[in-house]
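Protein sequence lines correspond, in order, to chains G and Z.
Under my numbering, the first residue of the first sequence carries the number 117, and numbering increases by one thereafter.
Under my numbering, the first residue of the second sequence carries the number 7, and numbering increases by one thereafter.
Please keep in mind that the hints were generated in silico from the structure rather than gathered at the bench.
Quantities reported herein were computed from a predicted structural model and do not represent experimental measurements.
The beta-carbon is built from N, C-alpha and C at its ideal position, and this holds for glycine as well.
Hints are supplied without guarantee of correctness; some may be wrong.
[Claimed, not checked] Chain G is nowhere near these chain Z residues, computed Cβ spacing over 10 Å in every case:
id: 1; residue: Met7
id: 2; residue: Asp8
id: 3; residue: Ala25
id: 4; residue: His43
id: 5; residue: Gly53
id: 6; residue: Lys56
id: 7; residue: Thr59
id: 8; residue: Lys83
id: 9; residue: Pro145
id: 10; residue: Ala207
id: 11; residue: Ile211
id: 12; residue: Val216
id: 13; residue: Ser224
id: 14; residue: Asn231
id: 15; residue: Ala241
[Unchecked claim] DMTMM-like cross-link-like pairs, simulated, lysine to aspartate or glutamate; straight-line CA separation at most 25 Å:
id: 16; chain 1: G; residue 1: Lys239; chain 2: Z; residue 2: Asp139
id: 17; chain 1: G; residue 1: Lys189; chain 2: Z; residue 2: Asp242
id: 18; chain 1: G; residue 1: Lys239; chain 2: Z; residue 2: Asp99
id: 19; chain 1: G; residue 1: Lys239; chain 2: Z; residue 2: Glu107
id: 20; chain 1: G; residue 1: Lys255; chain 2: Z; residue 2: Glu148
id: 21; chain 1: G; residue 1: Lys190; chain 2: Z; residue 2: Asp93
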Amino acid sequence: MTTKLSNAQIAWRAAQDIADGAYVNLGIGFPEMVAKFQPPGRQAVFHTENGVLGFGEAPPAGEEDWDLINAGKKAITLKPGAAFFHHADSFAMVRGGHLDVAILGAYQVAQNGDLANWSTGPKGVPAVGGAMDLVHGAKRVAVITDHVTKDGKPKLLEACTLPLTGVGCVTRVYTSLAVVDIEDGRFVLREKLATISLDDLQAVTGARLHLDGAVGDLIAPEL
Amino acid sequence: MDKRIPNLAEAVAGIPDGAAVMIGGFGGSGAPIELIHALIDRYLATGSPKDLTVINNNAGNGHVGIAALIEQGMVRKMVCSFPRSADPRVFTDKYLAGEIELELVPQGTLAERIRAGGAGIPAFYTPTSYGTDLARGKPVAEFDGRPYVQERWLKADFALVKAELGDHYGNLTYRMAARNFSPLMAMAAARTIAQVTQAVAPGGIDPEHVVTPGIFVSGIVEVANPAQEEALNRADAAHPPARPQEVQA
Chain G
117 MTTKLSNAQI AWRAAQDIAD GAYVNLGIGF PEMVAKFQPP GRQAVFHTEN GVLGFGEAPP
177 AGEEDWDLIN AGKKAITLKP GAAFFHHADS FAMVRGGHLD VAILGAYQVA QNGDLANWST
237 GPKGVPAVGG AMDLVHGAKR VAVITDHVTK DGKPKLLEAC TLPLTGVGCV TRVYTSLAVV
297 DIEDGRFVLR EKLATISLDD LQAVTGARLH LDGAVGDLIA PEL
Chain Z
7 MDKRIPNLAE AVAGIPDGAA VMIGGFGGSG APIELIHALI DRYLATGSPK DLTVINNNAG
67 NGHVGIAALI EQGMVRKMVC SFPRSADPRV FTDKYLAGEI ELELVPQGTL AERIRAGGAG
127 IPAFYTPTSY GTDLARGKPV AEFDGRPYVQ ERWLKADFAL VKAELGDHYG NLTYRMAARN
187 FSPLMAMAAA RTIAQVTQAV APGGIDPEHV VTPGIFVSGI VEVANPAQEE ALNRADAAHP
247 PARPQEVQA
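Construct the entire structure; sequences and hints are all you get.
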C-alpha cells in the first residue's frame, strides 16, 4: 500500500503535465529527474541557465566533455536541434516569459505562492545561483517536494519562515502525498493518495487545503 | 592591426593592484585557467596584482583557477551568484575568517548587470529578487502593475576569457557551453584579454559565426590544448603545484 510517493514518483507525476514541445527548466538536483519520465510521444525541450537549449542525458563515464555541462555542473549531451547562447540571452528566456514550465525544489511554499528554496538561514556561505530568476517569467512555476520536512514539519504553510526566493510565484505543488494548486492566495487540493484521508492530509499541511470540485486519486507507477 | 600577444605573462602584465577583473566561465566550463595561472605566477614573482575584485559566477573549485587565485590572498572581494562547488574550501575558509568580501548576486541579474555595463545602460529594473533579502535597500518601481527591483550596471577594468577561435582583430568564437558569461564580460571591461585555443588570420572566422566582435577585445593569446578545471580537479591538481600551506609546513 502506498503511504507516500518516492522522489522518482513525484517527478513522474510532474512530468505528466508537461506538454509536447514545451520549453522547460528543471532546477538542479531532484527536479532533474523529471526529464526521465516524459510520457511517450511527447518531447519537451530542456533549458539550462548556462546557455544550452535541447540537451539530453548524461554521457557515459569517461566520455564527458567539460565544455558541455548543465547548471548543476554535470556533464550532458546534446539532442539534434540544440542551441548555445550566452548568459544574458539565457536569462532573457527565463525572465522574458519564454519558458513554459520551471520545476523547482522547495524548503517551504506558502499559500500565496511565496517560495523559500535558497537559504536555510544566516549560517555558512550564502549562495543563490539562478533560483531567484527562475521563479519569475516561466508561464508555470511548479514545485516538487516531500510533503513534510525530514523531521515531519509541514512544508506547505500559511507563510514561509525561511528567506524567500520569490513572492507569489508558485502555481502548483507536487508532493509525496498530493497535488495542490495555488489560486487566489490559497491552496486548492487537486489530487491526493487514496490511502490518506483528507483529515490526515490536512494535519500534515501548515495551511488550510481548499476543495474546488472533486479531488482525484494521486497515482504513480512503481519506479 | 594585430591584437595577438606573444605569451601569457605579457597578456596579464598590465593588471594593477586593486583592479576589478571579470573572469569568464561557469564552474570549469569556459574558465581561462592558463590566464588565471599566469596572473598567479606574476603575483608570486612580483607581489602584484593583489586586492583584486573578481567577478565570476562562482568562487572557485579545488586548488586551481579562481580557487588558486583566492588561496594566494590576491582577491579582496568576490562578486558571484554561487560561491559553492564540489570543493569550495578555499573560498569558504577565507569568507568565514572574514578575509574576503562577498557580493551575492542572482545569476540572471549578474549576467544582465554585466551586459548593461557593456551596453552603456547604468541601471535597469528586474522582477528577480523582489521581496527577498537580496533586494534590501534597492529602489523598487511598479510597471504594468508588477513590482520590479532596480539593479545597476557592472563594469570592470579587465576581463579574462577563454575562447575557441580568435583572429588578429580579436573576433572570437566559443566552444559549446563554455560561452556563458564571456561575451558579456568582453563588452563590460575596459580591456579584455582572450586566451584562444586557435589563433587564425583575419578571414579565418566566417563573419556569420563571430560571437564576440573584435571591438570588444584588446588582446588575444593562443593557448592550444587548454586545461579543463574539472579534469585538473579530478587529478587533484593545484597551482602552483605545491600549495602555500604545504610549503610553510
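So, going through the hints one by one against the coordinates:
{"no.": "1", "hint": "Met7", "verdict": "holds (25 Å)"}
{"no.": "2", "hint": "Asp8", "verdict": "holds (26 Å)"}
{"no.": "3", "hint": "Ala25", "verdict": "holds (22 Å)"}
{"no.": "4", "hint": "His43", "verdict": "holds (17 Å)"}
{"no.": "5", "hint": "Gly53", "verdict": "holds (28 Å)"}
{"no.": "6", "hint": "Lys56", "verdict": "holds (22 Å)"}
{"no.": "7", "hint": "Thr59", "verdict": "holds (18 Å)"}
{"no.": "8", "hint": "Lys83", "verdict": "holds (14 Å)"}
{"no.": "9", "hint": "Pro145", "verdict": "holds (17 Å)"}
{"no.": "10", "hint": "Ala207", "verdict": "holds (24 Å)"}
{"no.": "11", "hint": "Ile211", "verdict": "holds (16 Å)"}
{"no.": "12", "hint": "Val216", "verdict": "holds (13 Å)"}
{"no.": "13", "hint": "Ser224", "verdict": "holds (19 Å)"}
{"no.": "14", "hint": "Asn231", "verdict": "holds (13 Å)"}
{"no.": "15", "hint": "Ala241", "verdict": "holds (12 Å)"}
{"no.": "16", "hint": "G:Lys239 x Z:Asp139", "verdict": "holds (14 Å)"}
{"no.": "17", "hint": "G:Lys189 x Z:Asp242", "verdict": "holds (18 Å)"}
{"no.": "18", "hint": "G:Lys239 x Z:Asp99", "verdict": "holds (13 Å)"}
{"no.": "19", "hint": "G:Lys239 x Z:Glu107", "verdict": "holds (16 Å)"}
{"no.": "20", "hint": "G:Lys255 x Z:Glu148", "verdict": "holds (20 Å)"}
{"no.": "21", "hint": "G:Lys190 x Z:Asp93", "verdict": "holds (14 Å)"}
Checked against the numbered hints given earlier, the structure satisfies every one of them.
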